[in-house]
Amino acid sequence: MTVYDCLDCGKTYTAQPAFCRCGDRQFRSRETSGRGRVYSCTTLYAAAEAFEKDLPFQIAIVVLDGGGRLTARIAGAPVAVGAEVLLREQRDGVYFFAAV
Amino acid sequence: MKPVSIIGIGKTAFGAFTGQSILDLALEASRKCLKNGNVQASRVEAFYLGNFAGPAFVGQNHVAPYVASALGLGNVPATRFEAACASSGSAFFHAWGAVAGGLYDLALVTGVEKMTSQPTARVTDILASAGEVDGEVRAGATFPALFAMIARRHMHQFGTRRDHLAAVAVKNHGNGAKNPDAHMRKVITAEQALAGRMIADPLTVYDCSLVSDGAASALLCPAERAGEFASQPIRVLGVAQASDYLALADKEDITTFPAVRRAGEKAYQAAGVGPEQIDFAELHDCFTIAEIIAMEDLGFVPRGEGGPAVASGFSALNGPKPINTSGGLKAKGHPVGATGVGQICDLALQMRCQAGERQIPRANVGLAQNLGGSGATCVVTILGR
Chain A
6 MTVYDCLDCG KTYTAQPAFC RCGDRQFRSR ETSGRGRVYS CTTLYAAAEA
56 FEKDLPFQIA IVVLDGGGRL TARIAGAPVA VGAEVLLREQ RDGVYFFAAV
Chain B
1474 MKPVSIIGIG KTAFGAFTGQ SILDLALEAS RKCLKNGNVQ ASRVEAFYLG
1524 NFAGPAFVGQ NHVAPYVASA LGLGNVPATR FEAACASSGS AFFHAWGAVA
1574 GGLYDLALVT GVEKMTSQPT ARVTDILASA GEVDGEVRAG ATFPALFAMI
1624 ARRHMHQFGT RRDHLAAVAV KNHGNGAKNP DAHMRKVITA EQALAGRMIA
1674 DPLTVYDCSL VSDGAASALL CPAERAGEFA SQPIRVLGVA QASDYLALAD
1724 KEDITTFPAV RRAGEKAYQA AGVGPEQIDF AELHDCFTIA EIIAMEDLGF
1774 VPRGEGGPAV ASGFSALNGP KPINTSGGLK AKGHPVGATG VGQICDLALQ
1824 MRCQAGERQI PRANVGLAQN LGGSGATCVV TILGR
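If you read the protein sequences in the order shown, they are chains A and B.
Numbering of the first sequence is given in this note's numbering, commencing with residue 6 and proceeding in unit increments.
Numbering of the second sequence is given in this note's numbering, commencing with residue 1474 and proceeding in unit increments.
Since the hints were made in silico from the structure, they are not lab data.
There are no misleading hints in this set.
Which bits of chain A does chain B cover? Going by a derived footprint, with three or more residues having C-beta under 8 Å, they are:
(1) 39–46
(2) 49–56
(3) 60–66
(4) 74–84
(5) 97–103
All values reported here derive from a predicted model rather than from experimental measurement.
Note that CB positions come from ideal geometry on N, CA and C, so glycine has one too.
Modelling step: build the complete structure from the supplied sequences, incorporating the hints.
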């Protein structure tokens, strides 16, 4: 999984922004293992129109090993807070993680 | 800055009103407010409209001059404020600033939302656009899901339980049942709340606020002139707005909202009071967990103790610090753009001893907290009589 570190302040992003919050706009991309930990999660039983076909499905805030956080989908078995997860695929700009 | 007073309030009932347009609702609340303040429309100098998604819900943009002209305000400046569910809190904050700064002597603030003409999945879609569309929303997040993750983390860190969340719903439904203008006047039990249909675990349908139509208005003038208009003016002791990241995942800690803490600190400072001097409050219970966290962020209780405090009756109608005596967003209803000014009207009703069956004995200093999105905007208002 590719992440982007700000060359000035070192903040890590999972999608490269036009500017870092420190004002710098130079980033170094870095490949990571795609491993992380579930910070919080929920299983949805009601969704917006485009996702109704996927119900029920789980989403989570994942904190990546080595920095960066994002809201992602969980594939396969449901996970709990603190679970170790690994990136399985990236599709249409959405990251799908699964339990390790 | 000049001290500012509220000299008139007006609101529609909140509910599902087939056949009433966004304009009908805004006019009803605004007209009631002008009448309440005994002010002719032609004397109003500026119009501030809070509205989240008129364009998406009913296809109408440019809503502020639409309402202002239909009200007969003439050619005054009329501007729409959009800050998700804090839209009318934000409109109120900016109207206060203009009156306090001496720009106008009479400013009318109206919040309105017409939501029920769309099917639920479409409403969910429109509300989700207050989150980060290029990130969390693309991954499938809805607002119930974002607050479900907040609740899950709060449970993990502090031991908050589902029955604590249910206690918020039971309390607010009990209060709403006493409010003739509430969307849902139905007393519920903890068992019902806990057995409710799951929306985004751990939140059931009873943890979520309602999709409503409605409008609310307030009329502001410098305190020194309030006596010319109103017999029971309410003083704006302090009001502040703050902002934060749009995406929930960008917050290092999702069990607290920096924008709520910041707006609260500034409002307390301006008012010269602390949380212990607040007699009662209307807090933004878009989801039950949000009321618990607001109690903590505003200093009513220490961090992590919001859930047990609600369960102990701390915030009950007859408790030491009544919260959401109106029924809150949970039972009174949540027409998102109307909610912020609606809270202010409900504080004023208590302070004027006009809250009927839900009247509390001590209502000298009240606080309203209006939240936008998952904490990206917050407006805190402290009123005194």
